[in-house]
Structure formats: structure tokens, C-alpha cells
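> Here's the letter readout for the chains.
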Amino acid sequence: MDSEGPFLETLTRRLAECPADFLAEPRVGVKGQVRVAAVVADLLRDMGGPLLTPAQAAVFQPRSAQPAGGQRNWLALVLVAAWLLGDPAFRQGQRFGTSAAAFLIDGLTELARLNPAGKFVSDPDRREELVRLSLSRLGLRPAGETPAQAADRLSTISTTERQRVLEAARAAEARARAIREAMAKKAAEEAAAQSSRE
Amino acid sequence: MDKELTDDERYPWLDDESRRLLAWLHEHPAAPRFNHHCGDRLTAAGLERVRQFEDLVNTAPPSWRPDKPPAWLAGFVAFCFRDVPFYRQQGAAPGRLGDVPTCARADLSREPWRFVPDSLPLDDLIVYNTSGATGQPLDVLSHPETASKYLPLLRAALRLYGITLEGGRHPRTGRPRVALLLVCSQRRTYTYASVLSFLGGAGFAKINLDPMDWRDPGDRARFIDDCRPEIFTGDPLSFAELARLPLQHRPKALISTAMQLLPGLRQELAERFGCPVIDLYAMNEAGPIAAATRAGHVLLQPRLYVEVLDEDGQPCPPGERGEITLTGGFNPFIPLLRYRTGDYASLSSSGTQPLLIGLEGRPPVVFRGAASREINNIDVTGALKPFALPGFQLHQAADGAIKLSVLPSSADTGGLHAALSGLFGQEQNVEIVVVERLGGPGGKVIQYSREESGD
Numbered sequence: 001m002d003s004e005g006p007f008l009e010t011l012t013r014r015l016a017e018c019p020a021d022f023l024a025e026p027r028v029g030v031k032g033q034v035r036v037a038a039v040v041a042d043l044l045r046d047m048g049g050p051l052l053t054p055a056q057a058a059v060f061q062p063r064s065a066q067p068a069g070g071q072r073n074w075l076a077l078v079l080v081a082a083w084l085l086g087d088p089a090f091r092q093g094q095r096f097g098t099s100a101a102a103f104l105i106d107g108l109t110e111l112a113r114l115n116p117a118g119k120f121v122s123d124p125d126r127r128e129e130l131v132r133l134s135l136s137r138l139g140l141r142p143a144g145e146t147p148a149q150a151a152d153r154l155s156t157i158s159t160t161e162r163q164r165v166l167e168a169a170r171a172a173e174a175r176a177r178a179i180r181e182a183m184a185k186k187a188a189e190e191a192a193a194q195s196s197r198e
Numbered sequence: 199m200d201k202e203l204t205d206d207e208r209y210p211w212l213d214d215e216s217r218r219l220l221a222w223l224h225e226h227p228a229a230p231r232f233n234h235h236c237g238d239r240l241t242a243a244g245l246e247r248v249r250q251f252e253d254l255v256n257t258a259p260p261s262w263r264p265d266k267p268p269a270w271l272a273g274f275v276a277f278c279f280r281d282v283p284f285y286r287q288q289g290a291a292p293g294r295l296g297d298v299p300t301c302a303r304a305d306l307s308r309e310p311w312r313f314v315p316d317s318l319p320l321d322d323l324i325v326y327n328t329s330g331a332t333g334q335p336l337d338v339l340s341h342p343e344t345a346s347k348y349l350p351l352l353r354a355a356l357r358l359y360g361i362t363l364e365g366g367r368h369p370r371t372g373r374p375r376v377a378l379l380l381v382c383s384q385r386r387t388y389t390y391a392s393v394l395s396f397l398g399g400a401g402f403a404k405i406n407l408d409p410m411d412w413r414d415p416g417d418r419a420r421f422i423d424d425c426r427p428e429i430f431t432g433d434p435l436s437f438a439e440l441a442r443l444p445l446q447h448r449p450k451a452l453i454s455t456a457m458q459l460l461p462g463l464r465q466e467l468a469e470r471f472g473c474p475v476i477d478l479y480a481m482n483e484a485g486p487i488a489a490a491t492r493a494g495h496v497l498l499q500p501r502l503y504v505e506v507l508d509e510d511g512q513p514c515p516p517g518e519r520g521e522i523t524l525t526g527g528f529n530p531f532i533p534l535l536r537y538r539t540g541d542y543a544s545l546s547s548s549g550t551q552p553l554l555i556g557l558e559g560r561p562p563v564v565f566r567g568a569a570s571r572e573i574n575n576i577d578v579t580g581a582l583k584p585f586a587l588p589g590f591q592l593h594q595a596a597d598g599a600i601k602l603s604v605l606p607s608s609a610d611t612g613g614l615h616a617a618l619s620g621l622f623g624q625e626q627n628v629e630i631v632v633v634e635r636l637g638g639p640g641g642k643v644i645q646y647s648r649e650e651s652g653d
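Chains as they are written, first to last, in this note's numbering: chain A, 1 to 198; chain B, 199 to 653.
Hints listed in this document are in silico derivations from the structure and should not be mistaken for laboratory results. Values in this document were obtained by computation on a predicted structure and should not be read as measured data. Fair warning: there could be bad hints in the mix.
Computed footprint of chain B on chain A; a stretch qualifies when at least three of its residues, placed anywhere within it, have a C-beta under 8 angstroms from a C-beta of chain B [stated by the list, open to error]:
1) 41-47
2) 175-183
DSS-like mimics (lysine-lysine), calculated; alpha carbons at most 30 angstroms apart, straight line [as the list claims (entries may be wrong)]:
3) A/119 to A/31
4) B/583 to B/601
5) A/186 to B/583
6) A/185 to B/583
Each residue gets a CB set at the ideal place from its N, CA and C atoms; glycine is no exception.
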């Protein structure tokens, strides 16, 4: 978040106006209309590279008609993110190709697991989340915000962060319960000899 | 009734000679009515770790200057904030120990599980239910190796007096001997005979001098004289009782814990038994912390950092009295970060060796029951243990009347009254008062107090 990027509202509006082509069914095997690998390759070229390797391209064009659970939604989200990153602000200077490639390849998995892709167009909070996450992965922050404000706001709105906190709370409660159960069991057991009092 | 372990579980290492010693302790014609079993539960790997701990105790005694905390401290703080739920909830680890919020026994008592590191397996957990000499019950989570690590610390305390706890075999008989006798004097407590692998299979027994625990009160002296323990451990009240027995045996030392050992009694005991009487500052949450010497209480644990704090949690300058506050420890189930003990002293040093000066522990209180029967404050705590009291103070007036002040709770005052009447006698005047705040000098709650009757 070292540099200022576009205004937040500019980008959330762009997402709200996502064209139908980018919301069409991604191609999986022989089904679906949009070839995601081609969309991503075009985008990265416009942003100054790099070219997708065959292995990377294969990730965006699954051959199986029955891809692993959630992969279709992930591909749909990649399309929405590709529309966002197609904003002229990201293409100028041809600086963001490498970080955009990394973001599209591995930065959307968790988000896609937690939300339907369409929500990142229809829901204001999810639009803001995708914009902030995208900017952050490109090393940018919304225009007019300090790095601390941008980091704080991203953390607040982040679905993945909220999920992480929920899972941590669940794990902590499970651990506490396990210890209480062990205590109840062990309290009824002999302890170990202690050579002095306290 | 506790679930009983097998001897193989109690003593994974037990050999024939220690087995014979154990049988001798149980079957001695003057033995007390032991009411419990307890082994050290130490595996070979565990024993090796206890030995490594002893190496650390011997080679890396506590050493720091006020402006230069020990090197291990920063890593320990980071570990606690990363791995221990109670500390993690406070957010990111502060850069300075002084910015870490303090905690106290009430925190540990309320939710002991929140002090257990996430990464710690629970398989070998053991639980001590303590009545607490100061009155606040506590479930102490511990580990068999932690229990055995008391022994290197006792040895370190004895070494300050040029005394060695040897254990092993008796030089004359060649058989395992009795190394330690933990002496209690109260109406009811667990008692047992045991053997300790860390001390080469030597014997250890916890006994209660209350005559009800023995077939014949005269058996007490006979049994103890036959055991010939190297060291007695106990508290001032039990040692005062021990001194009244016609014992011939002369131990190497007495180690007194749990309550404040007043100088007069220490002198009397030293003359009676012809050996040093060492006041050991210890607590369930942290084990043995420091041993008294002429210069002050010498800290014993290699990984326990001690601060002395004022009421605002700020470190007192050297020489100024404040609350003893602990960071570190050797019980993996209770990693302590700025744990306020409720005990007071000033901090001084001899070179880089820190000393506690003027330690003010928990004074023992003996109450009077019906027919002037003595009642130990531990018995009072025991009687009140079933009640969920967040805090209380018990005072006995000169005429014997008992006043119990309790903080508001769900405890039934009728039940409290009945419990105390049962302990002190039905004819004793007992009053239960619910108060919003417990008071004491300097904000410290004096759990037990008694007005001298002049008799």
C-alpha cells in the first residue's frame, strides 16, 4: 500500500457496472461460454505482461466437466476481478502485470470459497472488499487514504479476515472445552508426588 | 474417589529395591494409615529432562540487573502472546515487558484453561486441587515432570546451606533410603508413601501428624525415627507439632513452606533438631521461588524473572517494597506473564544475583475452637472450599466469636454458617457478613486474623 491508486468510488462503480460478458458462465470442459484463460492472458498483455505459462493457463481452463467443488465460482470471480483490473488506471505505465497475475492465480481462492462471485458486483460491501483487496495486492491504496486507514478498512471489511477470526474463536473454544474435559477426567485421577508444600 | 493407577503407571521405572522400600513404608508396624497412593509417574525420557533442568538450575542461576533483563525473556513474552489464549486476547505483544498488563490469582482461578499454550499436549496433564493457604481455591494444572522438578530446586535451596540431598542408597545398608518426609498437621489431608526415580529410587512420604491418622499416637515418633529422612519438608505449624514429638532422628535440614516462618520458631526448630531450618518461598502456581539466607531470599529458578511492582504496576526502584510479580516458571501448563503474587518484598542484588529483601509471606493463623482446640487456617480453608466464594476474610475476636466477611456470591450463608459451626463447635458464636469490598492495609486482603485473647 505504498502508493496511492484511484479513488475507491471510481473502482466500486466500475464493478457495479460489470458487463454481462464478464458475468457469463466460465468455460469448464465443454460447458460455459467464457474462456477465462484467454481473458486473463489478454488482460496481462494489456498490463505489460507477463505471459501466462502453459501450466498457469491450464489452471484457468479446466478440462473436466466436473471440476473440484467451488472451482466454477472461482473462475467466475476471476472474470469479475479481470474486469476490475482492466481499468485504465492499472494499464497505464504497464507496471502491474506481474502482481495482477499472482493475484488472479492465487489471491482469490479464499474469497471465492466464502462468497458467490455475483455478490462482488451486486453487494456494496463485497464490491468494496474486492477493490481494496485488489489495490492491496498491487501495492496500492485508495486515493485520499493513509496506509494505516487503508489497512484498517481492508481488515474490517474482509470476509476472509472475518472468517479467520470466527475459525480462530471456534478453535479456541474447542481447545478450552478439551482442556476442561481433560481437567475433569484428570482431577479424578491420582496426581504425581510433590516433595514440598506451597 | 480418585481413579487409582497401577504401580506401573505410578512408577514406570520401578526396580525391585525401590519396590521393597515402598512395601516397607506401607507395612511398617508404626506406619500411619496412608489414605492415598501417588507415584512420580516419570518415564525414562522425563527423568532425563528433569536432569537437564537440574543442570540448568546449577549452571544458569537467576542473573540480571534492573536495566538489563535476562536474554530468554523476550522470546518467552513472544511465545505467550502467540500461543497462550489469555495473553493473546490482549493483542500484539508490547515491545517492553513493563507494558504487558499484570494478572493475578483470580485470573488463573477463574479460567485456568486459558493459560494453557495451544501447542501443549494434554495427555500427561495432572490436576492438583488446592485449598490455597491464603484461601482462594485453585485448580493447578501440572505435569509429572514439573512435580519432579521441585527436587532440583530443593537441592539448590539446600546447597545455599552447604547441604546435599543425596537420595539413592543408604551408605551403611546399601539399600534405597528415605530422602524426604513431608510433614503436615491438619485434620484431613492426603497421605501416601512413594519412591522417587530422580533421587535414585529413594523413598518419600507425606504424613499427617494428626493423631487420628495413626493407630497409636506414639507411632508417629517410632515411624519417623525408623524412616530417618534426610530432609523434612512442611510448614511452620506442622514443624511446631513435630518438635513436640520425642524424636531421636536428626535430619540434615528442615524446609519450611506455605506460611511465613517467624524467626523465633525458626531458631527454636533449629535448636530442637540441630540443623538449619530453611524458609522456602513457594506457591502452587510457580513452585519453589526463593530460599531464605542471611542476605535475603535467593531466587532459585533459572527461567523465572521477578519484578517488584507498586500499586500502579510500575517497577519499584531497588530497595523499595512492592508486590512480587513473576514472569516465566517451569510449569508448562501455567506460563506466567507479570503474575502478581499478593506477597511483598523489595528487590536487591548481590552482583547480578537478585535477592528478595523483607519478604512478607502469608502468616499462619491458629484459631481456637471449642475446648480451646487449635484449628489451623488450612482447615478453615478446607471447610469453606465447597463454597464458591470469590473472596473472604475470617476474623476471630478475643472472646472466640468468628466473623466471616464474604463478597457477594451465590454461596448460601446458612451453609457457610453450618460449615464453620461444624469446624469450630456448635457453641461458638459465628457471624456471616456479606460485604462489597474486603479491606486490609495497603489494599492487601488479610485472609485470616485473630485477636489475642491474652490467655
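> Against this structure, judge whether each hint is valid.
Okay, the hints, checked on the actual structure:
Only when three residues or more bring their CB closer than 8 angstroms to a CB of chain B does the claim for the stretch 41-47 of chain A stand; here the count is 0, and the claim is violated. Counting residues of the stretch 175-183 of chain A whose beta-carbon sits less than 8 angstroms from any beta-carbon of chain B gives 7, enough to reach three: the coverage restraint holds. Of the supplied pair hints, the one linking residue 119 of chain A and residue 31 of chain A holds, its CA atoms being roughly 22 angstroms apart against a limit of 30 angstroms. At most 30 angstroms may separate the alpha-carbon atoms for a hinted pair to count; residue 583 of chain B and residue 601 of chain B meet this at roughly 17 angstroms.
Between the alpha carbons of residue 186 of chain A and residue 583 of chain B the distance comes to roughly 19 angstroms, so the proposed pair stays at or under 30 angstroms and holds. In summary, the hint linking residue 185 of chain A to residue 583 of chain B is supported, as the alpha carbons are separated by about 20 angstroms, within the 30 angstroms threshold.
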